[in-house]
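Since the structure of chain A is already known, use the hints to place chain B on it.
The listed protein sequences derive, respectively, from chains A and B.
What the first sequence shows, in the numbering used here, is residues 31 to 143, in sequence order.
What the second sequence shows, in the numbering used here, is residues -16 to 98, in sequence order.
Quick caveat, the hints were computed from the structure, so don't treat them as lab data.
Which residues of chain B face chain A? A few of them, derived with a C-beta cut under 8 Å, are:
#1 M24
#2 L73
#3 I79
#4 S80
#5 G84
#6 Y87
#7 G90
#8 S91
#9 G92
Note that beta-carbon positions come from the ideal geometry of N, C-alpha and C, so glycine has one too.
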Amino acid sequence: GEDVEQSLFLSVREGDSSVINCTYTDSSSTYLYWYKQEPGAGLQLLTYIFSNMDMKQDQRLTVLLNKKDKHLSLRIADTQTGDSAIYFCADLILTGGGNKLTFGTGTQLKVEL
Amino acid sequence: EADIYQTPRYLVIGTGKKITLECSQTMGHDKMYWYQQDPGMELHLIHYSYGVNSTEKGDLSSESTVSRIRTEHFPLTLESARPSHTSQYLCASSDISDRPGYGYTFGSGTRLTVV
Chain A
31 GEDVEQSLFL
41 SVREGDSSVI
51 NCTYTDSSST
61 YLYWYKQEPG
71 AGLQLLTYIF
81 SNMDMKQDQR
91 LTVLLNKKDK
101 HLSLRIADTQ
111 TGDSAIYFCA
121 DLILTGGGNK
131 LTFGTGTQLK
141 VEL
Chain B
-16 EADIYQTPRY
-6 LVIGTGKKIT
4 LECSQTMGHD
14 KMYWYQQDPG
24 MELHLIHYSY
34 GVNSTEKGDL
44 SSESTVSRIR
54 TEHFPLTLES
64 ARPSHTSQYL
74 CASSDISDRP
84 GYGYTFGSGT
94 RLTVV
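With the rest of the complex left out, here is chain A (with noise of 0.2 Å):
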């Protein structure tokens, strides 16, 4: 079956870039999704981006998509203490039998002072 996977922790200085990047093995995956978990939620979608795009830019996300080596990454500019939470990538595969969507393993962000 499809993998996805994240590095577990990233910590930042307030007002300095994150860099989250994902992995995943299935080329056939046609959407690729970043979900925010903050504290005692649910997922909040981020972004998402077509497999046939290489970059997607929305205000302080920019996702860059890598299909040949099959990496995504999301960079948040300017990061704030709001940013702090859990962050998963995911994957789409389009099947006969019912379209599913596999989650990462997720990246826990901290943003310090």
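Frame of chain A; chain B shown alone:
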């Protein structure tokens, strides 16, 4: 406003009790999912449904059961709760086949503690 609701938000219950975690969505989504989330963050799919009267087991074996009698409602039941069931349970829904850019929509979760 279209949304997905989980109740209760927190539940502390004794071993051996039967519990039902509720999940309802007002978006008319056919697909619904239950995830169990470890304290270590990882999400595990335990059940999913592609429509009324359709339920399937997910990637992680679970002693819980689900039902889908109405499109908007996808409750999860534990017949006899045990301390090993202590976890965060997240419900989600989607119409990802038609609108993949929206991904899954998640509820706020139920944090279950079995003592």
